[in-house]
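2 protein chains.
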Amino acid sequence: MKEILENSMGIQKVLNEVLTDISPTDSEKEELTLFSNAVLHKLKSISEYPILDIIQVGSTARNANLKNDHDIDIFLRFERNTERETLKEVGLRVGKEVIDYFGGISWLEYAEHPYISGKIGKFSLDIVPCYKIENCEKIISAVDRTPLHNEFLVLASLKTDISNEVRLLKKFLKGLSIYGSDLKTAGFSGYLCELLILKYGSFLNLLNDVKTWKLKKVIVLDEIYEMYGLKNDHKFLEFNDSLIVYDPVDLNRNVAAALSLENYCKFIFYSKMFLMNPNKEFFYNFEKKTINKLNERSHGYFLTIEIKRPENVVEDIVYPQMEKLQKSINKLIKEHDFDYLRYTNFADEKVCYLSWEFLVHELPDVKLRVGPPVSSSFGVLNFIKNNEKYFVSGCNVCAYKNRKYKNVQILFNNIVNGKLKGQITYPKYICPENALINIGTFVERI
Amino acid sequence: MKEILENSMGIQKVLNEVLTDISPTDSEKEELTLFSNAVLHKLKSISEYPILDIIQVGSTARNANLKNDHDIDIFLRFERNTERETLKEVGLRVGKEVIDYFGGISWLEYAEHPYISGKIGKFSLDIVPCYKIENCEKIISAVDRTPLHNEFLVLASLKTDISNEVRLLKKFLKGLSIYGSDLKTAGFSGYLCELLILKYGSFLNLLNDVKTWKLKKVIVLDEIYEMYGLKNDHKFLEFNDSLIVYDPVDLNRNVAAALSLENYCKFIFYSKMFLMNPNKEFFYNFEKKTINKLNERSHGYFLTIEIKRPENVVEDIVYPQMEKLQKSINKLIKEHDFDYLRYTNFADEKVCYLSWEFLVHELPDVKLRVGPPVSSSFGVLNFIKNNEKYFVSGCNVCAYKNRKYKNVQILFNNIVNGKLKGQITYPKYICPENALINIGTFVERI
Chain A
1 MKEILENSMG IQKVLNEVLT DISPTDSEKE ELTLFSNAVL HKLKSISEYP ILDIIQVGST
61 ARNANLKNDH DIDIFLRFER NTERETLKEV GLRVGKEVID YFGGISWLEY AEHPYISGKI
121 GKFSLDIVPC YKIENCEKII SAVDRTPLHN EFLVLASLKT DISNEVRLLK KFLKGLSIYG
181 SDLKTAGFSG YLCELLILKY GSFLNLLNDV KTWKLKKVIV LDEIYEMYGL KNDHKFLEFN
241 DSLIVYDPVD LNRNVAAALS LENYCKFIFY SKMFLMNPNK EFFYNFEKKT INKLNERSHG
301 YFLTIEIKRP ENVVEDIVYP QMEKLQKSIN KLIKEHDFDY LRYTNFADEK VCYLSWEFLV
361 HELPDVKLRV GPPVSSSFGV LNFIKNNEKY FVSGCNVCAY KNRKYKNVQI LFNNIVNGKL
421 KGQITYPKYI CPENALINIG TFVERI
Chain B
1 MKEILENSMG IQKVLNEVLT DISPTDSEKE ELTLFSNAVL HKLKSISEYP ILDIIQVGST
61 ARNANLKNDH DIDIFLRFER NTERETLKEV GLRVGKEVID YFGGISWLEY AEHPYISGKI
121 GKFSLDIVPC YKIENCEKII SAVDRTPLHN EFLVLASLKT DISNEVRLLK KFLKGLSIYG
181 SDLKTAGFSG YLCELLILKY GSFLNLLNDV KTWKLKKVIV LDEIYEMYGL KNDHKFLEFN
241 DSLIVYDPVD LNRNVAAALS LENYCKFIFY SKMFLMNPNK EFFYNFEKKT INKLNERSHG
301 YFLTIEIKRP ENVVEDIVYP QMEKLQKSIN KLIKEHDFDY LRYTNFADEK VCYLSWEFLV
361 HELPDVKLRV GPPVSSSFGV LNFIKNNEKY FVSGCNVCAY KNRKYKNVQI LFNNIVNGKL
421 KGQITYPKYI CPENALINIG TFVERI
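So the protein lines, in turn, are chains A and B.
Per the UniProt record's numbering: the first sequence ends with 446, consecutive numbering throughout.
Per the UniProt record's numbering: the second sequence ends with 446, consecutive numbering throughout.
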């Protein structure tokens with residue numbers, strides 16, 4: 001009991017210190033509010049039909065942002081029957097006009113449809129057009145749910161101020177490199193963080209529950225039952241994800257769908273670790289420092305292939321495709337009996353790097369092929385037809401074969417010269433042909 | 001149908017040719033009979049109480065021997081209450097006397113009890129004392145069943161002459177190196193061969209059935225039901241062996257108990273091969289030629305340890321103990337992530353050789369240890385206590401460890417200098433300490 005108390009006093013001290021680091025100062029908050037209001041005011045004055053309303057969303061709109069986060073996200077909600085072209089044209093024009101008005105610079109960003117991004121002094125702005133829909137209605141464009149998320153969170157957090165707890169959680173997840181629902185990170189979105197804190201009340205309560213989580217943890221907020229008048233035994237749609245958090249604005253959506261199994265497990269593991277040994281370290285580049293520490297050891301045989309990154313292909317496409325390609329190559333590596341300790345992929349602006357650390361990269365020019373049991377008549381006939389040096393070992397007919405690839409480098413030579421095209425799944429944009437092979441190099445994902 | 005006929009005509013031609021090679025000539029048979037009768041006659045004249053009767057056993061007694069097999073086995077059956085010492089003393093004295101009488105040389109051989117072995121001209125003699133027991137009675141000394149086997153076979157083969165079919169089967173099994181129920185060979189005894197031919201009538205009928213055999217084939221001779229007046233649904237004792245052939249003189253004994261799983265499977269496999277492609281080759285050192293052919297290939301990394309063979313320890317003890325020691329070392333090899341293509345053991349008069357052909361014998365100084373799933377609380381705590389460089393991979397906590405043995409030779413150094421004593425099962429007579437390590441050598445079993 002004494003130990004627990006000491007521990008929890010320790011934790012509170014750690015959390016307070018972190019909070020001091022990461023909370024925006026009062027003047028910072030005030031400055032942000034004044035500036036956002038000015039932008040909103042201007043936007044409203046120049047807005048026109050079919051724009052129905054203008055809503056600030058994102059963490060800065062809800063006082064859930066970290067210090068030095070000056071991202072202002074504003075959504076222009078259009079009438080649902082608006083043509084796509086009109087939405088795009090009006091959205092871009094209005095966005096550009098307001099940024100010009102404040103003397104900022106602006107450019108186009110591309111998601112499902114283009115929107116205006118800009119910089120005014122230290123503030124970053126995204127001005128995004130979307131359709132106005134209602135809760136649980138089908139979305140028309142990919143971003144239509146965001147204003148509803150904002151409305152829900154604003155309403156739900158009226159009762160109690162959860163902003164500091166949300167900040168702690170975000171910072172903790174950032175330290176573990178699992179904050180962000182983009183497909184490179186495959187972690188937790190900001191919205192997911194806020195829902196988790198709403199559910200558990202505080203960062204510590206959440207972690208104390210997380211440490212007991214198993215696979216397929218299901219979370220339904222109390223607010224959902226109230227909003228939709230559901231009974232306690234309501235049957236929700238089932239999802240096949242590691243963590244399932246029902247979206248209060250769309251019950252057919254899992255807010256944690258982008259979270260990978262490994263990152264879900266990291267969250268459980270590091271929750272335990274933090275509670276056992278509360279330390280500020282966890283909040284500050286913990287994962288990156290861990291990787292560096294893990295690399296202070298003897299190494300296997302490094303091999304990296306460098307593939308030219310195609311132009312204008314965004315991270316959310318590049319990363320899943322690198323993973324897909326690498327997994328397909330991994331299958332081939334294993335088929336040829338090579339053994340690796342780990343693999344990873346990373347893309348900078350120009351190059352996609354697929355790296356492996358091999359344990360075994362060279363094998364003798366002979367392999368053992370284990371065939372069917374001697375009692376399987378057809379299998380045995382087929383096997384001896386295709387294998388010359390056969391014999392009986394245990395219950396099976398076996399054979400010695402010449403090995404196709406004695407060295408993993410020869411296998412990779414055939415990958416990059418396209419000879420193994422039929423045996424590898426080439427994703428649409430990332431093609432291993434003509435890649436460079438770098439022996440002795442391993443590129444960590446950063 | 002035409003193909004089958006051609007095949008079977010081909011088979012009959014092959015079998016006839018083999019039979020001509022392996023059957024004793026008429027003059028050879030006559031000479032053997034005359035000489036055996038002379039020995040029996042002499043033995044009877046000098047025999048005394050408690051010897052009850054004198055019986056010639058073995059293949060030469062039943063015209064089931066191969067050409068140039070001049071082994072004459074004679075059993076002296078003693079009254080069941082005879083003291084061991086008397087049995088030994090009288091057995092040795094009578095045996096020596098008869099060999100002296102014929103001008104041969106004699107010496108002691110050791111099984112469970114000593115007996116006289118001798119050479120008279122081209123004939124080899126074993127004169128073995130045993131106790132006279134009845135069918136299904138408990139044996140008193142290890143060899144007491146042999147005369148009963150002989151009686152059964154003589155009686156059973158009165159109806160039809162199976163001698164040539166038995167010879168074919170023995171020669172076929174010899175060609176495959178699976179003839180002999182000693183613990184080095186772990187194959188088929190001569191008695192087992194004769195029972196199998198009694199059951200199936202001919203060598204070809206037997207092979208045609210063998211090709212359909214699965215594990216745990218059970219064979220009960222019709223004679224057994226007749227001898228003991230058993231019903232068709234009689235429940236016999238169950239055995240956990242690959243092949244079960246009930247001994248007509250002791251229903252609680254499996255005649256095929258010494259047959260190893262692998263040799264049973266070889267019999268099935270090569271029966272198929274022979275029927276598909278009938279060829280004299282199978283009967284003449286086929287297995288040895290196969291091993292030579294298999295060795296015409298690239299090789300892995302050979303390593304042999306040479307252990308001094310203890311004096312006066314017979315093959316039936318040496319071979320199981322070498323196998324036991326090697327299997328125990330194999331466990332250790334695998335625990336340290338080394339991978340071998342094959343292993344074998346062989347003993348000559350002075351040395352026990354344990355050989356391995358390694359695929360991988362060198363590894364980097366790092367290994368991956370996969371720990372428990374992150375959700376297992378106790379397991380995780382224990383794992384991180386014992387491992388420094390831990391991380392989450394997939395659902396598990398894992399760690400990088402320094403490898404204890406980077407090269408398999410270092411592992412073997414610690415085996416022969418006794419440092420791994422606690423981790424290896426040392427059999428009674430074969431101790432790996434102070435063994436020589438030979439890199440680049442593989443000793444085949446011959």
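A hint or two may mislead.
When chains are identical, the list treats them as one kind, so a pair holds in a single copy or across two.
Said to hold, decoys possible - Under the rule of at most 30 Å between Cα atoms (straight-line distance), these lysine-lysine pairs were calculated in the DSBU-like manner: (1) K367 / K44; (2) K367 / K293; (3) K217 / K122; (4) K350 / K119; (5) K184 / K119; (6) K214 / K88; (7) K293 / K401; (8) K184 / K389; (9) K324 / K367; (10) K367 / K331; (11) K401 / K288; (12) K406 / K138; (13) K96 / K216; (14) K184 / K334; (15) K331 / K389; (16) K119 / K13; (17) K289 / K401; (18) K334 / K367; (19) K428 / K96.
These are computed hints drawn from the structure, not numbers from a lab.
Each hint, compared with the structure:
no. : hint        : in the structure
1   : K367 / K44  : neither (73 Å within a copy, 62 Å between copies)
2   : K367 / K293 : between (37 Å within a copy, 16 Å between copies)
3   : K217 / K122 : neither (40 Å within a copy, 84 Å between copies)
4   : K350 / K119 : within (25 Å within a copy, 88 Å between copies)
5   : K184 / K119 : within (25 Å within a copy, 85 Å between copies)
6   : K214 / K88  : neither (44 Å within a copy, 73 Å between copies)
7   : K293 / K401 : between (42 Å within a copy, 13 Å between copies)
8   : K184 / K389 : between (48 Å within a copy, 25 Å between copies)
9   : K324 / K367 : both (28 Å within a copy, 26 Å between copies)
10  : K367 / K331 : both (18 Å within a copy, 21 Å between copies)
11  : K401 / K288 : between (44 Å within a copy, 20 Å between copies)
12  : K406 / K138 : neither (55 Å within a copy, 60 Å between copies)
13  : K96 / K216  : neither (44 Å within a copy, 83 Å between copies)
14  : K184 / K334 : within (25 Å within a copy, 37 Å between copies)
15  : K331 / K389 : both (26 Å within a copy, 27 Å between copies)
16  : K119 / K13  : neither (37 Å within a copy, 96 Å between copies)
17  : K289 / K401 : between (45 Å within a copy, 18 Å between copies)
18  : K334 / K367 : both (13 Å within a copy, 17 Å between copies)
19  : K428 / K96  : neither (34 Å within a copy, 90 Å between copies)
In terms of the numbered hints stated before, the structure departs from hints 1, 3, 6, 12, 13, 16, 19, listed from lowest to highest.
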